[in-house]
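The primary structure of each chain is shown beneath.
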Amino acid sequence: MANVGRNTPVRKFDAIVVGAGGAGLRAALQLSEAGVKCAVLSKVFPTRSHTVAAQGGVGASLGNMGEDNWNWHMYDTVKGSDWLGDQDAIEFMVRAAPEVVIELEHFGMPFDRNEDGTIYQRPFGGHSMNFGEKPVQRSCCAADRTGHAMLHALYQRNVRANTQFFVEWMALDLIRDPSGQVLGVTALEMETGEVMVFHARATLFATGGAGRIYSSTTNAFINTGDGLGMAARAGIPLEDMEFWQFHPTGVAGAGVLITEGVRGEGGYLLNKNGERFMERYAPNLKDLASRDVVSRAMATEIKEGRGAGKEGDCVLLKLDHLGAEVIDKRLPGIREIAKKFANVDPVKDPIPVVPTVHYQMGGIPTNYHGEVVVPKNGNANSVVPGFYAAGECGCASVHGANRLGTNSLTDLLVFGKASGNSIIRYLKENPGLKDLPKDAGDRSLSRLARLESQTNGESYAEVAKDMRRTMQKHCGVFRFPDTLADGVKKIREISDRVTRTEIKDKSKVFNTARIEALELDNLIEVARATMVSADARTESRGAHDRSDHHGRDDVNWLKHTLWYKEGDRLDYKPVNLKPLTAESIEPKVRTY
Amino acid sequence: MDVVSFNRLRWNCRRGLLENDLVLEKFLERHAESLDDVHLAALNTLLELDDNSLWSLLSGRTEYPEGSGAEIYEILALLRTC
Numbered sequence: 003m004a005n006v007g008r009n010t011p012v013r014k015f016d017a018i019v020v021g022a023g024g025a026g027l028r029a030a031l032q033l034s035e036a037g038v039k040c041a042v043l044s045k046v047f048p049t050r051s052h053t054v055a056a057q058g059g060v061g062a063s064l065g066n067m068g069e070d071n072w073n074w075h076m077y078d079t080v081k082g083s084d085w086l087g088d089q090d091a092i093e094f095m096v097r098a099a100p101e102v103v104i105e106l107e108h109f110g111m112p113f114d115r116n117e118d119g120t121i122y123q124r125p126f127g128g129h130s131m132n133f134g135e136k137p138v139q140r141s142c143c144a145a146d147r148t149g150h151a152m153l154h155a156l157y158q159r160n161v162r163a164n165t166q167f168f169v170e171w172m173a174l175d176l177i178r179d180p181s182g183q184v185l186g187v188t189a190l191e192m193e194t195g196e197v198m199v200f201h202a203r204a205t206l207f208a209t210g211g212a213g214r215i216y217s218s219t220t221n222a223f224i225n226t227g228d229g230l231g232m233a234a235r236a237g238i239p240l241e242d243m244e245f246w247q248f249h250p251t252g253v254a255g256a257g258v259l260i261t262e263g264v265r266g267e268g269g270y271l272l273n274k275n276g277e278r279f280m281e282r283y284a285p286n287l288k289d290l291a292s293r294d295v296v297s298r299a300m301a302t303e304i305k306e307g308r309g310a311g312k313e314g315d316c317v318l319l320k321l322d323h324l325g326a327e328v329i330d331k332r333l334p335g336i337r338e339i340a341k342k343f344a345n346v347d348p349v350k351d352p353i354p355v356v357p358t359v360h361y362q363m364g365g366i367p368t369n370y371h372g373e374v375v376v377p378k379n380g381n382a383n384s385v386v387p388g389f390y391a392a393g394e395c396g397c398a399s400v401h402g403a404n405r406l407g408t409n410s411l412t413d414l415l416v417f418g419k420a421s422g423n424s425i426i427r428y429l430k431e432n433p434g435l436k437d438l439p440k441d442a443g444d445r446s447l448s449r450l451a452r453l454e455s456q457t458n459g460e461s462y463a464e465v466a467k468d469m470r471r472t473m474q475k476h477c478g479v480f481r482f483p484d485t486l487a488d489g490v491k492k493i494r495e496i497s498d499r500v501t502r503t504e505i506k507d508k509s510k511v512f513n514t515a516r517i518e519a520l521e522l523d524n525l526i527e528v529a530r531a532t533m534v535s536a537d538a539r540t541e542s543r544g545a546h547d548r549s550d551h552h553g554r555d556d557v558n559w560l561k562h563t564l565w566y567k568e569g570d571r572l573d574y575k576p577v578n579l580k581p582l583t584a585e586s587i588e589p590k591v592r593t594y
Numbered sequence: 002m003d004v005v006s007f008n009r010l011r012w013n014c015r016r017g018l019l020e021n022d023l024v025l026e027k028f029l030e031r032h033a034e035s036l037d038d039v040h041l042a043a044l045n046t047l048l049e050l051d052d053n054s055l056w057s058l059l060s061g062r063t064e065y066p067e068g069s070g071a072e073i074y075e076i077l078a079l080l081r082t083c
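Keeping their order, the protein sequence lines are chains A and B.
Going by my numbering, the first sequence opens with residue 3, and the numbers climb by one from there.
Going by my numbering, the second sequence opens with residue 2, and the numbers climb by one from there.
Just so you know, these hints were derived from the structure itself, not from any lab.
Treat the hints loosely; a few may be bogus.
Claimed, not checked - In the SDA-like style, the derived pairs of lysine to any residue whose C-alpha atoms are separated by at most 20 Å in a straight line are: (1) A:Lys341 x B:Asp22; (2) A:Lys510 x A:Lys491; (3) A:Lys508 x B:His32; (4) A:Lys506 x A:Arg571; (5) A:Lys510 x B:Val5; (6) A:Lys506 x B:Asp22; (7) A:Lys467 x A:Thr501; (8) A:Lys506 x B:Met2; (9) A:Lys508 x B:Asp22.
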C-alpha cells in the first residue's frame, strides 16, 4: 500500500471529475450514462456553481432565424481570438455546437422558442453571416437565466444517471506517478477536515476560472483557479495566461458590472480633476468608443495619476445630469447596484468604476478531445495519460487571445462532452488501475501540516488582498512595460509570502480559514503565470494590450505561451492554423 | 453562535453569483454575532434559493411570498440594507 499517510483513506473510481459547473456536469453525465463509476467533487452544491452567472446564451449555428452555418461561426471565433485560437479545436467546437444544444433541449432545458417551436436565437456582438458581412442571430437563451437553467437541467439528468456527488469537498492536489501518468487527486472533506485519496484511472478538471486573482472581477468568491493551481504544482504548464477579458465599467472595489447602456443613455467618465477625459482619447465617439478604447483610456488616466478615489485607482461614471426619471426608467437596477455596492446614489453622485475582469481565456493545455497535452520529447502536444480538462480551466484553445461572446457555454458543453467520451475510450483501452505512487498524498499533507504549524506568519487574507491589488495595478486591461516588470518582482515577493501564511483557527470541522488559505495557494500560481506571461509577450493581441507594442506581431508572437511553475519558466508552442476539414483562415487585421 | 455554526454558515454563503457573495459577506460582518436560532433558520431558508431568485429578492426586484414566519421578512429586510 502506498504511503499516503497512515490514516489517509483511499477510494477507488473509474473516473474523477473535479468541479460541478457546466463542464463538469456535462462530462459526468456522459460518463455515468456510459456506466462509468464516476465521482464528482465540488466545493459547493452543483447548482451554485459560477456557470449560473452566464446570461448571454449558447452560440450554435442552428440557423433557426435565417441562414447560418458552422463555417461562419468558425470565422467569427477565429477572428475573435485574434488568430491565437487553434483552428482544429475551433472547427470541432462549432460543428458540435448545434448537436449539444439540441441534446440539452432534450434534457429539459427551457430554451426561448419561436412560434414554430424551434429554439429562438438572439443577436450577439461579433456573430456574423458570410464571414463578417452582417449580424446573425446565433445565441440560444433561456430568458436571462441561461446558465441557471443549464445547471439545473444537467444536474437533474446526472441524478437520474446515478452520478456520485461529493459536495463540499475541495480537491487539493493532483496525483501523478513517476512516468507522469495521472492517478487521481487528494481532497479535503470540509465537514470533517479529513483528507482522502480519490484513486482513479482518469481525472478531469472542470474547476472554472480564477478571476479572483484580480481585485476587480465579476467572478464569484469560489472562482479561485483550483484546477490550475493543482496542475501547476504537479508540473503541468499553464497556457496563454496573459489573456483575460475585461469589461470597462465594474463598480470599483466590488466588481459588479454597470451596463454599457449607462454610457449609451448619456453617462460619461470623469477623472479626479472632473475632466471628461474621453474627449481627449476619442474626440468623436467619446464615451461611446469601443470597449478596448474606453478601457485603455481609463487605465491610462489611473496610471498617470489622475485616478479618483482614496487610492487614485478608479475613475468616475457621472449620470446625475440625466435626472432621476431617466435613470429609473431607462436604466433599471443601476441605482440599486450603485447604492448597494458603491455606496452612492447616482442621481446625486458619480459611480466609481474600473475595468473589471470576467473571463480567463488561458488554462490547462488540452487538445480538442479534452486530453491534457504538454511538450515532451520534441512533441509539443504529448498527451498526459489519465488527465483531462474542460470549460474555463481548460485551454483547447478555442478562445485564443479573446473570447467571442456566447462561446463560453458552447465551450463547456462541447468539451465537457468530448472529454467524457475521451475518458470512456481511455478506460476501455486501459483496464487496470495502476498502484498509487509512494508519495501520493505527501504534497497535500505537507501543505496542511505547514498551515497547522505556522507561527508568526501573515494573515492569508492580507496576502490575498495584496496579490489582487498587484494584479489589478500591474497587469490590468492596458499594460505598461515598467509596471509589468515591477509587477513580476512584486508578485514573486507575494508568492514567497503565501508560503508563510498563518491561520488562527485550527479547528477541523468546516474551517473556512483553512480552505481560503488553500485556495490562495492556487490563486498565486495563476497570478504569477499571468504576470510573467504578460511581461514576456511584447505585442498587443486580443485582450493583451501593451502601451509599448501596438498591434499584433505575427512574425514573432503567433504562438501559445506555456508557463511552468518551476523557475517561472516560459516555453512556447505553435498555434494550429490547420482546421480539421475546412480551409485555414489566414491571419489578417482584425477590425469590426 | 459557536465557531462551527458560523463557519458552516459562512461557507453556505459562498454562491454562484458575485452579487450574492458581496451582500452576504457584508451581512455576516454586521449581523452574524447577533443572529438567534430562529433568524439563523430563516437565513438558511433563504440560502436554499437558487442564486438568481436570491439576488432578485436581495435587490428588491421580487418579494418573498406572503404567509411565512415574520423572521424571514426581518432577515430579508436586514439583507437588503447590506
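Hints versus structure:
no., hint, result
1, A:Lys341 x B:Asp22, "16 Å, holds"
2, A:Lys510 x A:Lys491, "36 Å, violated"
3, A:Lys508 x B:His32, "24 Å, violated"
4, A:Lys506 x A:Arg571, "34 Å, violated"
5, A:Lys510 x B:Val5, "9 Å, holds"
6, A:Lys506 x B:Asp22, "23 Å, violated"
7, A:Lys467 x A:Thr501, "15 Å, holds"
8, A:Lys506 x B:Met2, "18 Å, holds"
9, A:Lys508 x B:Asp22, "24 Å, violated"
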